[in-house]
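Participant: So you can see what is in the structure, the chains are spelled out below.
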Amino acid sequence: MAANDVVLKIKGLSKKFGITRANKNIDLELCRGEIRALAGENGSGKSTLLSQIAGMYGSDEGHMYLDGKPYKPASPIDAQENGIAMIVQELGMIGNLPSAINIFMGKTKKFSKGPFLNTKKFYEQAEEVRKKWDLPKLNFKRLASTMNVEERKMMELVRALACDPKILILDEVTQSLSQDNRQVIYRIIRRFKEEGRSVLMISHDMEETMRISDTISVLRDGEMIGTVRADEILENDLKRMMVGRELSGEYYREDKEVSRGSKVLFAMDNISSPTGLENVTFQAYEGEIIAFCGLSDSGIHDIGQLAYGLMKPTSGSVKLATEQGEIEIKSSMDGLCNKMAYVPKDRDGEAMMMKSTIEQNLILPSIEELHRSLGYLKQSDLDRLSIKAKEDFQVKCTGIHQKVNALSGGNKQKVNLGRWMIKNLKVMIIDCPTRGVDIGVKAYIYGCLKEAKKQGMAIVMITDELSEAMGMADRIIVMKSGKIVKEISRNEGFNEESIIEVMI
Amino acid sequence: MKKIRILDIMPILIMAILIVIFAILSGGNTLTSYNIGNLVMQMVPTMLGSMGVIFVIALGGTDISIGASAAFCATIGALIANTINISAVYIPITLVMSTAIGALLGTIVQKCHVGSFILTLAVLIAAKGMMNYLYATVMVPTPSGMSFLATTSFAITVLVIAVVVIYFVFEKTKFGFYAKCIGENEKTVRCVGINVGKIRIMCFAISGFFAGVVGFIQLARIGGSSNSLCNMLEMRVQMAIFLGGILTTGGFSAKIYKIILGTITISVIENGLTVIGASSYISEAVEGILLVAILVITIFSNRVADKKAELASIAEMEAAE
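As they're listed, the protein sequences go chains C and S.
Start counting the first sequence at 1; every next residue gets the next number (my numbering).
Start counting the second sequence at 1001; every next residue gets the next number (my numbering).
Keep in mind the hints are simulated off the structure, nothing from the lab.
Keep in mind that the hints are not guaranteed to be accurate.
As the list claims (entries may be wrong) - Computed Cβ-Cβ distance ranges for the label pairs, DEER-style:
1) C/K16 x S/F1168: 30 to 38 Å
2) S/M1232 x C/P274: 41 to 49 Å
3) C/K107 x S/A1016: 48 to 56 Å
4) C/S481 x S/M1232: 54 to 62 Å
5) C/P274 x S/G1115: 22 to 30 Å
6) C/I387 x S/Y1167: 21 to 29 Å
7) S/M1232 x C/N118: 23 to 31 Å
8) S/A1100 x C/Q379: 15 to 23 Å
9) C/K137 x S/G1115: 28 to 36 Å
10) C/K137 x S/V1114: 44 to 52 Å
Glycine included, each C-beta is placed from N, C-alpha and C at the ideal position.
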């Protein structure tokens, strides 16, 4: 490729956080019309690099050149004015403002007349951007805080596209999207390529990375290992480059047959919900993994809330088998006290107390079993449980009194799952178990699920990753617009195309 | 090994410095046994009140209705006891009423998702209004035979029992743990399956209960109801919370020892200013300025400590790997 095709050139970029070196001497050249993926484990420095390019972090050493001219963004707004826009992994919107205003945050100059803002223009402009890029319908008047992760992501996409970027940076965007909105992202990426714009992206989904990118740069421990063409490398070779060693074995299940017990541990009977679920009925058997798949509006994520008694159904009942016989779940305490668990999708926002210690997070679901008379909690009981959980689940930390937000994504997820797994559960409802974790931790989590299945746990896995559903489930239940539209058993053999077909 | 951080010792340091300063300014008069006795009695209502409010603070909310609620409930309790001529109902009526008000406030916060500050402010205004009306229309003396409530030994006994019981409940039981978890992240507690509503209502009820305790003691000490009864109690408690270094977001930063330190600090300031003979006009202004200064110092040292802790944690992680 000719040198004048290079839109962004990075030379010797480094970044330190305290004494941790996040990036060491990174070189990178990105061409016009190129779709470049960054691959690497958690903590390899991918997100840091992208944040530096997008103006969120400064650089300690090194230079960047945009169109041959020195480029040193002072802020994300500065970067956007230079034509570089980023959609971040963690959400960044102000909750109590309508999304349209969030979209043009920091760029309100062109909407103001003296001290007044013309808010109507915000909505018109946002709608214009949406139409230009052919995005699905969005309500720009809604407050950001009332939107779910997926809707907020789409708003951030509009925000990024609103500055007409020549480089779009996507940091694990598809992970929190369902299939239909993923297609939207893929379409935008294709259009960027056609129009000679470039994309820099991170995805933990290897298969996706290889499918949509032209070239892949691999980072490890903050260093650039190398750049390869996506159509010339095999997935396993790429994984080896990422981790620097051979990954042994397959991480999904290898068997092709249903294997489960005959006892029903959990059942939903004719459940309808205020959020639009209609007559959902299913039974989960001991040792069975059921995967729920569906598009963003299919209601699969409501299943978890309903199953655990966090949302009241308008009709129908939820039943759980206990040692004392079958009970009906009327409130979440029924599940908590009867060997059932619910792991929500939004790990940092819902599942964990981010500013608390590892111990406080680990013991929370076990308090009902740990306390003595008068609700007394003995410190040594708490320590024993949290140290055991920390060791059983190999949480990499300085000790149980470390704050959770100092942990890497994978270790947070280990705490999130570990605290339930040590409880000797019978039923587990788990929403997107591997969201935002790298392949090493993914393999570990699948290992845990396989082990739990072997112990006879019934696992209901709600997932946006079809490959995960096909790899792990005994049965896949596909939902569409609040109804179950198809059930496929592992015995019949799963087929990606046929599942997507019924989903859409 | 747990390291001692500036943040943790700051409140103790400030308290010690203030005690020394006031001792010097008053020529040692603040340290006489007579004055220390005074100081302790000044401390009783604030500390008792804070033993209840700490639960609401842990949730990440606050309760500023306690002063007005204490006065109102105690007055009604005494009024009924006097009217039917049975003094024994004075304490139960006061406590039941104040606890019920607390529970009601908790229910409203839970069901209507309103901010506890605004809601309890509204209750404060309403209860103050009713107190003014009562003060203007009826005389409410302490019910007969209840003067023992005004004695120092009674107040100290109640305070000691309250501190011991609350320390256990707040720091050592699942209820205290859950309350603090709600302050850390309410969604987490809900998703784990715990009944957040029940805990929130109980926390507000405890806050109301202690308002009642302060109410019946203070009314007896004044000798009857007055429209200045328990005035500014809620504000003293708020200041004690911040002076003790508890964050407004609640959670695990809420600790009983901190609120005790905070209560002592604010009482030392008020008592010290009285002893050195500052006129009441000046002393309020000085008190305000001192509080602002202490808050700025606390928050600033908090930030420095956080930064240091972050660096230390990074270093530890490096060393671990």
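Participant: Does each hint fit the structure? Answer for all of them.
Facilitator: Hint check:
no.: 1; hint: C/K16 x S/F1168: 30 to 38 Å; verdict: 47 Å, violated
no.: 2; hint: S/M1232 x C/P274: 41 to 49 Å; verdict: 46 Å, holds
no.: 3; hint: C/K107 x S/A1016: 48 to 56 Å; verdict: 52 Å, holds
no.: 4; hint: C/S481 x S/M1232: 54 to 62 Å; verdict: 58 Å, holds
no.: 5; hint: C/P274 x S/G1115: 22 to 30 Å; verdict: 26 Å, holds
no.: 6; hint: C/I387 x S/Y1167: 21 to 29 Å; verdict: 26 Å, holds
no.: 7; hint: S/M1232 x C/N118: 23 to 31 Å; verdict: 47 Å, violated
no.: 8; hint: S/A1100 x C/Q379: 15 to 23 Å; verdict: 35 Å, violated
no.: 9; hint: C/K137 x S/G1115: 28 to 36 Å; verdict: 34 Å, holds
no.: 10; hint: C/K137 x S/V1114: 44 to 52 Å; verdict: 33 Å, violated
Violated hints for the displayed structure, listed by number in ascending order: 1, 7, 8, 10.
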